[in-house]
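As they're listed, the protein sequences go chains A and B. Using numbering that gives the first Met the number 0, read the first sequence as starting at 0 and increasing by one per residue. Using numbering that gives the first Met the number 0, read the second sequence as starting at 0 and increasing by one per residue.
These are calculated hints, taken from the structure and not from any lab test. Since this is a predicted model, take the numbers as computed values, not measurements. One or more of the hints may lead you astray.
Anything over 12 angstroms on all C-beta distances counts as not near chain B; from chain A, calculated [to be verified]:
1) Val-7
2) Ser-14
3) Arg-76
Covered, in the sense of this in silico footprint (three residues per stretch, anywhere, with C-beta under 8 angstroms from a C-beta of chain A), are these stretches of chain B [as the list claims (entries may be wrong)]:
4) 155-166
5) 208-220
6) 300-309
Idealized CB from N, CA, C, for every residue including glycine.
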Amino acid sequence: MKLLTCPVNGTRPLSEFIFGGEFRTAPDQNTCSDADWAAYVHNRQGAPGDKKEWWYHSPSGTWFIAERNTLTDKVSRTYLLADAKKADVKKVAVKKAVVKKPVKESK
Amino acid sequence: MPFRLLKYALKKEHPAPRFFKSHETPKKSYDVVIIGGGGHGLAAAYYLAKDHGITNVAVLEKGYIGGGNTGRNTTIVRSNYLTPEGVNFYDASVKIYEGLSEELDLNLFYSTRGHFTLAHTESAMRTMRWRAEVNKHVGVESRVVGPDEIAKACPQLDLSCSGQAPILGALFHAPGSVARHDGVAWGYARGADSYGAEIYQNTEVLSIDVKNGKVCGVKTNKGYIETKQVLSAVAGFTPRITEMVGLETPIVIHPLQACVTEPMKPWLDTILVSGSLHVYVSQSSRGELVMGSSLDPYEVHSTRSTLDFVEGLTSHMLDMFPFLSNVKVVRQWAGMADMTPDFAPIMGKTPIEGFYLDAGWGTWGFKATPISGKTMAQTIANDSAPDLIHTFRLSRFEDYELTGEKGAASVGH
Numbered sequence: 000m001k002l003l004t005c006p007v008n009g010t011r012p013l014s015e016f017i018f019g020g021e022f023r024t025a026p027d028q029n030t031c032s033d034a035d036w037a038a039y040v041h042n043r044q045g046a047p048g049d050k051k052e053w054w055y056h057s058p059s060g061t062w063f064i065a066e067r068n069t070l071t072d073k074v075s076r077t078y079l080l081a082d083a084k085k086a087d088v089k090k091v092a093v094k095k096a097v098v099k100k101p102v103k104e105s106k
Numbered sequence: 000m001p002f003r004l005l006k007y008a009l010k011k012e013h014p015a016p017r018f019f020k021s022h023e024t025p026k027k028s029y030d031v032v033i034i035g036g037g038g039h040g041l042a043a044a045y046y047l048a049k050d051h052g053i054t055n056v057a058v059l060e061k062g063y064i065g066g067g068n069t070g071r072n073t074t075i076v077r078s079n080y081l082t083p084e085g086v087n088f089y090d091a092s093v094k095i096y097e098g099l100s101e102e103l104d105l106n107l108f109y110s111t112r113g114h115f116t117l118a119h120t121e122s123a124m125r126t127m128r129w130r131a132e133v134n135k136h137v138g139v140e141s142r143v144v145g146p147d148e149i150a151k152a153c154p155q156l157d158l159s160c161s162g163q164a165p166i167l168g169a170l171f172h173a174p175g176s177v178a179r180h181d182g183v184a185w186g187y188a189r190g191a192d193s194y195g196a197e198i199y200q201n202t203e204v205l206s207i208d209v210k211n212g213k214v215c216g217v218k219t220n221k222g223y224i225e226t227k228q229v230l231s232a233v234a235g236f237t238p239r240i241t242e243m244v245g246l247e248t249p250i251v252i253h254p255l256q257a258c259v260t261e262p263m264k265p266w267l268d269t270i271l272v273s274g275s276l277h278v279y280v281s282q283s284s285r286g287e288l289v290m291g292s293s294l295d296p297y298e299v300h301s302t303r304s305t306l307d308f309v310e311g312l313t314s315h316m317l318d319m320f321p322f323l324s325n326v327k328v329v330r331q332w333a334g335m336a337d338m339t340p341d342f343a344p345i346m347g348k349t350p351i352e353g354f355y356l357d358a359g360w361g362t363w364g365f366k367a368t369p370i371s372g373k374t375m376a377q378t379i380a381n382d383s384a385p386d387l388i389h390t391f392r393l394s395r396f397e398d399y400e401l402t403g404e405k406g407a408a409s410v411g412h
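From just these sequences and the hints, can you work out the full model?
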């Protein structure tokens, strides 16, 4: 991945973007147990695979979601959170793989 | 090659000595199975046998020994950490390292160089003073030095860093050293093997059997092995192993890259680190400059190299040493760093009985190889972690008792 597609500004060099970590939903802090809250604060899904992640397009100040495989480093799609909330994500934004030239894997 | 040497190579009566025996297939059961044949796993096997008499041990390595992060780091050994617990732990490691070549009967090229962590800002100076005071308190030789002393130790360094980031001072750490990292893995492998531990290369763990919260075996590509104790010492593969036993951890994987230049005559005696310029550099016994930088900025489970990294690193190297502009970078590589939120490792017991974790070594694992092997062997033998690693336990996250070592990371990750 050397290019990434911002849902607002289109395909831009990766250096314009900042990784914001895994997309997660917080448990209800009024009802969840202390252990669950501590797990939410600290623990992460560290195993490789398809992930939903926060990314930030720094020049334009756009936060968005990217779906990326952390093993192959290939992004399958990117979209704004607001669009994701409009029910079916598949209909919005980028459908195809956003990476024009995937970085060649070197083992 | 002279004939009289060659004839020894051709004759069967003088076979080349092997470091460890190769075994066909693993036995049906072992007392302890160690996943990961890097420095940490092999050291644990060695100390299990040497200190505790536990020799019915298998070390399972997916690739070849020392081929992971053990062979991919920049070989720096130091103990100038930030928390007293951290300083004590890494100092114990440095002390074992100092006598390790003799103990393992293998020249590890352990070379004490002195280690300067350069400060370019007032806030960095503050952290250096803090680290120096904690180090002194625990009895580790670290002190804050001014630009004069840095210039004396390394006259080639441009103290103004091309006018971009003038050096105000440094944390000098006298015991800072470099060593041959693959030698450490091979030395421990030979030691463990001599006591009877078995090392299996090209042997991948496919799943771990847990029944009623207890480990009862591991499935590998070379068959099933019964065991009640499993140590995971797999650095960048940790999340894949913990997923097998359903254990959640804070570990995320970021690549960490490094590179070397072509060999030069010796000119750099010390180890230099600049947090602001994201550089750490030393000269190897072969004459190459061994250089590393900060982590890649996002999670990837891969050891790919990037041009961005080498461009960024070399431009900062030129700020420090403008005369290197004609020197070529000849090799670059990456390792998978298993990062924790507090920049301290995760060691010891887990909620699963018989499953021990030696992980979260991120960018700081090589220097801890001997002491982590020793303390993990103790943990497995007694089924209880020694006080020295209490601060690194997995449950610290649940207790919100983190061990903040980020300020002691070599560069601002």
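Hint check:
no., hint, result
1, Val-7, "20 angstroms, holds"
2, Ser-14, "7 angstroms, violated"
3, Arg-76, "17 angstroms, holds"
4, 155-166, "violated (count 0)"
5, 208-220, "violated (count 0)"
6, 300-309, "holds (count 7)"
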